[in-house]
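Protein chains: 4
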Amino acid sequence: MPLSPEQLREVDDLRAETTPTLRATAPGMEQHLYTPVQVLDHGFVRVVDYMGDDAAITQAARVSYGRGTKSVSNDEGLIRYLMRHWHSTPFEMCEIKLHVKLPVFVARQWIRHRTANVNEYSARYSILDREFYIPAPDALAAQSVVNNQGRGEALQGEEAERVLRYLRDDAMRAYDHYEEMISTEGQQGLARELARMNLPANIYTQWYWKTDLHNLLHFLRLRADAHAQYEIRVYAEAIAGMVKDWVPFAYKAFEDYRMGGATLSAAAIDCVKRMIAGEEVTQENSGMSKGEWREFQGVIEG
Amino acid sequence: MPLSPEQLREVDDLRAETTPTLRATAPGMEQHLYTPVQVLDHGFVRVVDYMGDDAAITQAARVSYGRGTKSVSNDEGLIRYLMRHWHSTPFEMCEIKLHVKLPVFVARQWIRHRTANVNEYSARYSILDREFYIPAPDALAAQSVVNNQGRGEALQGEEAERVLRYLRDDAMRAYDHYEEMISTEGQQGLARELARMNLPANIYTQWYWKTDLHNLLHFLRLRADAHAQYEIRVYAEAIAGMVKDWVPFAYKAFEDYRMGGATLSAAAIDCVKRMIAGEEVTQENSGMSKGEWREFQGVIEG
Amino acid sequence: MPLSPEQLREVDDLRAETTPTLRATAPGMEQHLYTPVQVLDHGFVRVVDYMGDDAAITQAARVSYGRGTKSVSNDEGLIRYLMRHWHSTPFEMCEIKLHVKLPVFVARQWIRHRTANVNEYSARYSILDREFYIPAPDALAAQSVVNNQGRGEALQGEEAERVLRYLRDDAMRAYDHYEEMISTEGQQGLARELARMNLPANIYTQWYWKTDLHNLLHFLRLRADAHAQYEIRVYAEAIAGMVKDWVPFAYKAFEDYRMGGATLSAAAIDCVKRMIAGEEVTQENSGMSKGEWREFQGVIEG
Amino acid sequence: MPLSPEQLREVDDLRAETTPTLRATAPGMEQHLYTPVQVLDHGFVRVVDYMGDDAAITQAARVSYGRGTKSVSNDEGLIRYLMRHWHSTPFEMCEIKLHVKLPVFVARQWIRHRTANVNEYSARYSILDREFYIPAPDALAAQSVVNNQGRGEALQGEEAERVLRYLRDDAMRAYDHYEEMISTEGQQGLARELARMNLPANIYTQWYWKTDLHNLLHFLRLRADAHAQYEIRVYAEAIAGMVKDWVPFAYKAFEDYRMGGATLSAAAIDCVKRMIAGEEVTQENSGMSKGEWREFQGVIEG
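Protein chains in written order, with the numbering used here: chain A, 30 to 331; chain B, 30 to 331; chain C, 30 to 331; chain D, 30 to 331.
Check each hint, because a few of them may be wrong.
Intra- or inter-copy, both count: the list cannot distinguish identical chains.
Said to hold, decoys possible - For lysine-lysine, the following BS3-like pairs were computed, each having C-alpha atoms within a straight-line distance of at most 27 Å:
1. 302 / 319
2. 281 / 319
3. 319 / 273
Keep in mind the hints are simulated off the structure, nothing from the lab. Since we're looking at a predicted model, the values are computed, not measured.
The task is simple: from the sequences and hints, build the whole structure.
In structure tokens, the structure reads:
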């Protein structure tokens, strides 16, 4: 259970009382506010604040394009138009603040998205908790034999058991020594900022992470993708579920034009034209490298 | 009057109905929401949305510094501590969205603050209104004779009248020609994206501008400063009045440590020490250039 | 002529002497250094510094992907792979600094690209020159009758003449009054920061603009595109010509995967599959709106 | 030794041949290019490229301030003026690219500086080396008893030995298991992206890190400061030594106005005035909290 009874009570308290506001309010998001969605074994993600809704996107677009937006008269049509034509600034008018608990190695990938505001729990000032990510059996994947960037089948039998034992035992031992090193019982006690270096990358940390909708969708496109590492993808998917309820028009457009879409190269478009005209196109006469051709096949046959 | 009766009615409508929300709400900011504060002759600034309050700053800091924040037990003390030690990330947890109407030459300065989201009215798509900034008599300043960056006394008599006449007449003529060029009455009509080039920099534009509190305070430090151009300073001052009601603790700390504070160089600190010890310090024996010495005098005598 | 004889002499001087360096050097870019390429009637763009070359991109990628990059053994192949899979960080390892002279209304579009460093000539401190953009006859386009965002045919006959006369005369008069207002001959002289507001948006300004290759390519994708306003597109095209000589592999990949490519939505990919299978697909049975269908036709028939 | 003989040979090769360039060249930086400066036990920092020099800063400032810069006629004076008045954009005109090898817990602090370009060695694609940071005896500090954020005295005797033994043994065991888990000898072999989670935060990683001079100086102000964690401070100091040779005027101004300077609050300035006037000022009558007063004492007595 990622949250303590005390924390769950706090969530209940926060959800118990509403305040009247003049601001734009997204009913779908109010349903999610504060409540953690469990991710992995000890992690979670929860919305702690948000700004704007679908109407905030079109409101900004109408300031920008003025009478020019009249040709797209309804909100959903305008949002789809903006998404299709990569008009990103109206989507920046919505903002979200998340509280996330996640393993350090996931945090290290996540932080590479620079256009965001972050406050992370500091192991320089404070003591980390004894919580480590240990993969579930079906997430304990072998290295892919096809490429360097992916996973293969789940490990089996003894090998799986040994890996799990290493991960668990090494984490526990590292944490025992961490606690012992910082202890001031009968000794000076090592500085926290130093002792933390003994802790492995599957220890959990937490942060407040705030970003705008445009950058959030970019994050989701990369991290909810099939090529993303499973352990960050599950966070992205949990967030996607919230965004869907927050800004349903924007999310639908995102699914149609980004997640479900694909970018074709000049050579690939040429092949599509030839194929529609009935020509037999092969990798050899496609003008594409083997890698490109394989990816192209994935798009038009997948 | 910057707002039309129709727009004022819209503001009244928006302010008439509240919605219950579970989010953090800042009562001082609810008072300001949607209502435009007039700035210059036709401009305004108004808050259209906000996220967070003083407590959102300390909440983020407590995630970061964990038990380390216990030593500063109350919210105001913690906020002052964060401001004093340049811990900027907790202040990034608050966000504001403004709707601003402003002359183009002011917009050109403002946009240099890059860490913000902007949707500006597009003169490519739409037709600009016939509204120009004409300075009030006491803002019609002469070039400073002391330095290249400032203003001197207000212009007097005939000179003032001539300047005002030029500004008014040139703007009206430019707008007449703008309208005539884009007209499709009995002619093709010039593209809007071209016709706009005839309009002077005192024409009004408008935008939605969204930024976080840390970057907003940085903007205020530079633009509410005595050295900022008057025409942007009045916008900064109008915004400062809102921020004061939104996050009173953060704003007070900002006033004490940033607006009312000063940065002293190594040489200046050395002079202060010598002066406290009773030594007679002059520019000649200060180790400072004339410019530095004059600025230093401004701090300790001003 | 955009450059004075004095400035041209300065360029010659800068190009006359080389210094030995240990840094990566791009021969194609050395050819361009300092020399202005004329754009529009009085504008130019010229490279004043650069960092990195094609090899700097793969060098960074090899740090990132380590042994994982071995599968793509040659530099060009790796660069194409990175571009195709939206791995943007290696392209950020190259940097360019441009000196640009451009009309203010173009500068206002350009500055919206926020991830760049800019130093613009300040009309607060200094006096602007009497130089205005006056479109050539074939660039004097009518408003498009098809949509709000484009241009139609060039204006003809008397209408064209009248427009050119307005643009020229209004600019000259505005500048005469600007000079008269700031003059201190027998009067106080208006502050420069105020007088500039009388100048129309076709006056030329100039700046130093520095950005990384990833952000530059994003700028080129949007601004060298057929939908961009002609007056910024010609700058983008001039820059593209330099980038092609600077990082030939990266530029080729950019042309193939970005400029010549297209993003298809989920619905569009579905249509492509059906069309390849021989099915008759129309807008009605495509699942796309009319706008989307028209754009889709543009891709597969264009 | 942080670099292998092979790598040192590579550095020698890179330093052996110069290429003529038309670009601005900083002789002081050419001396540093490619050569690693050792930091901590296995880390290093080295410059792999740079753009600009002191003259590039004033060149940009002169574009911005035009005739306004004439009043400060020499380059050093202008740079000092710009630094003193927080004119940051001219400093953004210089760029540096570093190759850094550093422990993961240092990398986690460093990456929080968002305005930079980064390519880090990926443990998803590649196998990390068996190299861990083990503090030297005098860096093995106790937790400060004064505050939560600092270090006290170095650990002594048995306690120190035990800590070092834990750090060494846990790292070795974690790495043994890492190797064993990813091995494909007689087993499937765990995916690298999973196996890395067993490795502690003192393992070394490396990256290319590129930023502009303004943001680099901001990094140095925070990280070369006495309050920064020792393990990142030594990197900042190594970089500072390079910057000093690269842009000597800018670095001198930075030392005088930033590193050696201090920001005083409104209350502190008031106290300074009273003290110069001969008044006895104590914390009680200062208007400052105890914490503020202690810091103020540090400035005027330190």
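Status of each hint after checking the structure:
Taking the shortest alpha-carbon separations for residue 302 and residue 319, both the intra-copy value of 20 Å and the inter-copy value of 21 Å come in at or below 27 Å. Taking the shortest Cα distances, residue 281 and residue 319 sit within 27 Å of each other only across copies (18 Å), while inside one copy they are farther apart (33 Å). Taking the shortest alpha-carbon separations for residue 319 and residue 273, only the inter-copy value of 25 Å comes in at or below 27 Å, while the best intra-copy value is 37 Å.
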